[in-house]
Amino acid sequence: MKDMNSEGYTTADGRKIGGVLMEMKNITLRFGGVAAITDISFDIRDGEIRAIIGPNGAGKSSMLNVISGFYVPQEGEVWFKGYKRGPMKPYQVARLGIARTFQNIALFDGMSVLDNIMTGRLTLMKSGLLSQAMWWGGAQREETEHREKVEKIIDFLEIQSIRKTPVGRLPYGLKKRVELARALAAEPKLLLLDEPMAGMNVEEKEDMCRFILDVNDEFGTTIALIEHDMGVVMDLSDRVVVMDYGKKIGDGTPDEVRSNPDVINAYLGVSHD
Amino acid sequence: MFYREAGDFKTSYVDDSQTFPIRFDRWRYYAILAVAFGAAPLLINDYWANAVFVPFLIYAIAAIGLNILTGYCGQVSLGTGGFMAVGAYACYKLMTAFPEVSILIHVLLAGGITAGVGVLFGLPSLRIKGFYLAVATLAAQFFLVWLFNKVPWFYNYSASGQISAPERTILGHAVTGANTTASAKYFFCLVILFALAWLARNLTRGTVGRKWMAIRDMDIAAEIIGVNPLTTKLSAFAISSFYIGVAGALFFAVYLGAAEVGEAFGIQKSFLILFMIIIGGLGSIFGSFAGAAFMVLLPVLLKNVLVGQLGWATDLAAHVELMIVGALIVIFLIAEPHGLNQLWRLAKEKLRLWPFPH
Chain A
1 MKDMNSEGYT TADGRKIGGV LMEMKNITLR FGGVAAITDI SFDIRDGEIR AIIGPNGAGK
61 SSMLNVISGF YVPQEGEVWF KGYKRGPMKP YQVARLGIAR TFQNIALFDG MSVLDNIMTG
121 RLTLMKSGLL SQAMWWGGAQ REETEHREKV EKIIDFLEIQ SIRKTPVGRL PYGLKKRVEL
181 ARALAAEPKL LLLDEPMAGM NVEEKEDMCR FILDVNDEFG TTIALIEHDM GVVMDLSDRV
241 VVMDYGKKIG DGTPDEVRSN PDVINAYLGV SHD
Chain B
274 MFYREAGDFK TSYVDDSQTF PIRFDRWRYY AILAVAFGAA PLLINDYWAN AVFVPFLIYA
334 IAAIGLNILT GYCGQVSLGT GGFMAVGAYA CYKLMTAFPE VSILIHVLLA GGITAGVGVL
394 FGLPSLRIKG FYLAVATLAA QFFLVWLFNK VPWFYNYSAS GQISAPERTI LGHAVTGANT
454 TASAKYFFCL VILFALAWLA RNLTRGTVGR KWMAIRDMDI AAEIIGVNPL TTKLSAFAIS
514 SFYIGVAGAL FFAVYLGAAE VGEAFGIQKS FLILFMIIIG GLGSIFGSFA GAAFMVLLPV
574 LLKNVLVGQL GWATDLAAHV ELMIVGALIV IFLIAEPHGL NQLWRLAKEK LRLWPFPH
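The listed protein sequences correspond, in order, to chains A and B. Quick note on numbering: the first sequence equals residues 1 to 273 in my numbering. Quick note on numbering: the second sequence equals residues 274 to 631 in my numbering.
Misleading hints may appear alongside valid ones.
When the alpha-carbon atoms are kept at most 25 Å apart in a straight line, the in silico SDA-like pairs for lysine to any residue are as follows [unchecked claim]:
(1) A:Lys175 / A:Phe211
(2) A:Lys126 / B:Ser290
(3) A:Lys164 / B:Ser290
Sample of chain A residues lacking proximity to chain B, with all beta carbon distances greater than 10 Å (derived) [unchecked claim]:
(4) Tyr9
(5) Ser41
(6) Asp46
(7) Ala94
(8) Phe108
(9) Thr221
If you anchor each label on the Cβ, the simulated ranges turn out as follows [what the hints assert, rightly or not]:
(10) A:Pro55 / B:Pro294: 47 to 55 Å
(11) B:Lys623 / A:Trp136: 29 to 37 Å
(12) B:Phe310 / A:Thr144: 29 to 37 Å
(13) B:Ile305 / A:Gly82: 39 to 47 Å
To be clear, the hints were calculated from the coordinates, so they are not data collected in a lab. All C-beta atoms in this analysis are idealised placements derived from N, C-alpha and C, irrespective of residue type, glycine included.
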């Protein structure tokens, strides 16, 4: 492992990674008698791209659901920005500055792309019901301010031409991009991506990789992602957690993980001789 | 031909997000308003007011209310009739208890009381969804009608069990009671509808509306982006019930004058208003107007044709009328499940290019 003190470290490509942003301590999650996650600890540092990989059913998505508040683990602690987080509802987690996308797209099909992305800023909009109803002064000014921020994200992700299209009519690849835009609109500190490249062709994958790197680079957003495409994971991420059957079997830089015998066994099978 | 978008550029986000972004649309809207407010009150007579315009205006308010709950927030409700009854009885109790207060304030207060009742019956929506919620609101419908029938306090211990609206005036013009003129009824309802429709449009285009629609389209995703499902669903129930309560108060005080709860606010009323928003278009303010117009005008039109033109017996015509309206609703839903609003949108898209579609 690299030297990782609390001050962070410098990546191979020269980016400065800060201190610990989120720390999972001895997380255990059970559904009835089935343990989805057993005693897993890892940290996510400020500004890094952290990947969680593992075979199907390893508990990766459950881990993301623990971070975003869908599941409350039976044991273990979740620390965020230096504070221990009690059991929270997902909408409270969102207000802390954690946004996510879903494995199977979870957009609002009846709304336009613009409205979908605007919903990402709901936690940042403050105008009251009365002001909204009158659409006078406060509410309209706020709407315009947030619209400007959203337009920047629309430019950033190159989806200008579809901003007024209902999301239900878009092809799969664009929906994934709109979902990323909605998550970005919340200006999250930590962005969770659940298989952002699932079901994409090579070109779409390259686009998405570029966007992920740009987001990390330009906004300084910390990113935790789950992905099955090993090439993508090894290229994108600074550090990788490897899970198998709900346990952590590896943690480190892509190179370290690649040469870890447990990881090779989990992915390629172990020879019994 | 009918539409000229060319050259109609937007240079600010405020311009871009207005209700009628096309200049032609905007002028047509002003023209309709001018006719509705300026010309119609002078021309209207008793028949048109009682048969067409007043019920249309009141049902449009109720339809906007239900559309907020069902169309925008996705919570199906079959309790509309019951909530209208709450508005009506609240208005009646207020009118008789405080005769010196303006009727306008009574109507708005009746809406407020209905909002409270709506929130109460909306609480189950936090745990149950879809059909199950519909059944829970159906229970509200039956319970409320039963309540207003059984507790004499609500109808001031009158012998008939009916409530009847005493005369109340605004600026010297009677708007309730026997001496009300057609134009006063019309104008009173029109002003309230205009104000409420404007507020509904503002609510549905901003943060509140997006929260509702997010809950409707995918509640899990809504929660993950920071929407609190509790406050969002209850706010939809409260605002929707406010509209429906105001509609109920007007329906009783201005339109009917005297009402018996089972007859005026029974389960049929719930279905009627649900039909209105389904036929008009879920999740659209224009659809609420179109649906209300359709359901009010069609029976009147059929009656005029069958009895007036063809000379059928009134009772036969009434039965045939029911059958035709029912069949039309079914045909309509098969042909255009997204309602009149969608038809209107398609027509506009065609007209943009007409007569040179290529």
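Verification of the supplied hints:
1. At most 25 Å may separate the alpha-carbon atoms for a hinted pair to count; Lys175 (chain A) and Phe211 (chain A) meet this at roughly 14 Å.
2. Among the hinted pairs, Lys126 (chain A) with Ser290 (chain B) is consistent with the structure: their alpha-carbon atoms are about 19 Å apart, no more than 25 Å.
3. Straight-line distance between C-alpha atoms of Lys164 (chain A) and Ser290 (chain B) comes to about 11 Å, which keeps the hinted pair within the 25 Å bound.
4. Listed as outside the interface, Tyr9 (chain A) is consistent with that label: its C-beta sits roughly 31 Å from the nearest C-beta of chain B, beyond the 10 Å cut-off.
5. At the 10 Å boundary, the C-beta of Ser41 (chain A) stays outside the reach of chain B, the nearest C-beta of that chain being 24 Å off.
6. Consistency note on Asp46 (chain A): stated as away from chain B, and its beta-carbon is indeed over 10 Å from all of that chain's, at 22 Å minimum.
7. Non-interface call for Ala94 (chain A) relative to chain B: violated, since the shortest CB-CB distance, roughly 4 Å, does not exceed 10 Å.
8. The beta carbon of Phe108 (chain A) sits about 4 Å from the closest Cβ of chain B, which is not more than 10 Å, so the claim that it is off the interface is violated.
9. Every CB of chain B is more than 10 Å from the CB of Thr221 (chain A) (nearest about 16 Å), matching its label as outside the interface.
10. The hint said 47 to 55 Å for the Cβ distance between Pro55 (chain A) and Pro294 (chain B), and at roughly 51 Å that hint holds.
11. In this structure, Lys623 (chain B) and Trp136 (chain A) meet the distance hint of 29 to 37 Å, their C-beta atoms being roughly 36 Å apart.
12. Distance hint check for Phe310 (chain B) and Thr144 (chain A): the Cβ-Cβ separation is about 30 Å, which falls inside the suggested range of 29 to 37 Å.
13. Between Ile305 (chain B) and Gly82 (chain A) the Cβ separation comes to about 59 Å, which falls outside the hinted range of 39 to 47 Å.
Comparing the model with each earlier hint shows violations of hints 7, 8 and 13; every other hint is respected.
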